[in-house]
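Visitor: 1 is the number of the first residue of the sequence shown in the numbering used here; add one for each residue after it.
Since the hints were made in silico from the structure, they are not lab data.
Cβ atoms here follow ideal geometry from the backbone N, Cα and C, with glycine treated the same way.
Check the hints yourself; a few may be wrong.
DSBU-like mimics (lysine-lysine), calculated; alpha carbons at most 35 Å apart, straight line [what the hints assert, rightly or not]: (1) Lys53 to Lys33; (2) Lys33 to Lys44; (3) Lys43 to Lys53; (4) Lys43 to Lys33.
Listed next, with one range per pair, are the computed distances between beta-carbon atoms [unchecked claim]: (5) Ile34 to Thr14: 29 to 35 Å; (6) Lys43 to Leu23: 27 to 33 Å; (7) Arg19 to Ile47: 17 to 23 Å; (8) Ala35 to Thr14: 29 to 35 Å; (9) Asp36 to Thr15: 31 to 37 Å; (10) Thr14 to Glu41: 17 to 23 Å; (11) Gln46 to Thr15: 18 to 24 Å.
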Amino acid sequence: MMGGIRKPTLSNKTTIQVRNEILRLEEELLEAKIADAPSEEVKKLQIRIRIFKGVKKKSKV
Numbered sequence: 001m002m003g004g005i006r007k008p009t010l011s012n013k014t015t016i017q018v019r020n021e022i023l024r025l026e027e028e029l030l031e032a033k034i035a036d037a038p039s040e041e042v043k044k045l046q047i048r049i050r051i052f053k054g055v056k057k058k059s060k061v
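Use the sequences and the hints to build the structure in full.
Guide: Shown next, in the form of structure tokens:
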């Protein structure tokens, strides 16, 4: 991909690891919301979850 923004790839992770990472990030997001974390931190977590879910869909998990 020349000139474009590179998305994080998970080629070295198994489908189970991807699912576990999504679950871990969702737990972290919930804890951040409960603790009234700064909105920047919450947005970063939401973006990471979306990226992982997008990778999961593309890899037919």
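Visitor: For every hint, state whether the structure bears it out.
Guide: Here is what the structure says about each hint:
1. Lys53 to Lys33: With Cα atoms ~20 Å apart, Lys53 and Lys33 stay inside 35 Å; holds.
2. Lys33 to Lys44: 12 Å, holds
3. Lys43 to Lys53: Distance ~15 Å between Lys43 and Lys53 Cα, so the pair holds.
4. Lys43 to Lys33: 11 Å, holds
5. Ile34 to Thr14: 29 to 35 Å: Hint holds: Cβ distance 30 Å, inside 29 to 35 Å.
6. Lys43 to Leu23: 27 to 33 Å: 19 Å, violated
7. Arg19 to Ile47: 17 to 23 Å: Holds, at about 18 Å.
8. Ala35 to Thr14: 29 to 35 Å: 31 Å, holds
9. Asp36 to Thr15: 31 to 37 Å: 34 Å, holds
10. Thr14 to Glu41: 17 to 23 Å: 28 Å, violated
11. Gln46 to Thr15: 18 to 24 Å: 22 Å, holds
Checked against the numbered hints given earlier, the structure breaks hints 6, 10 and satisfies all the rest.
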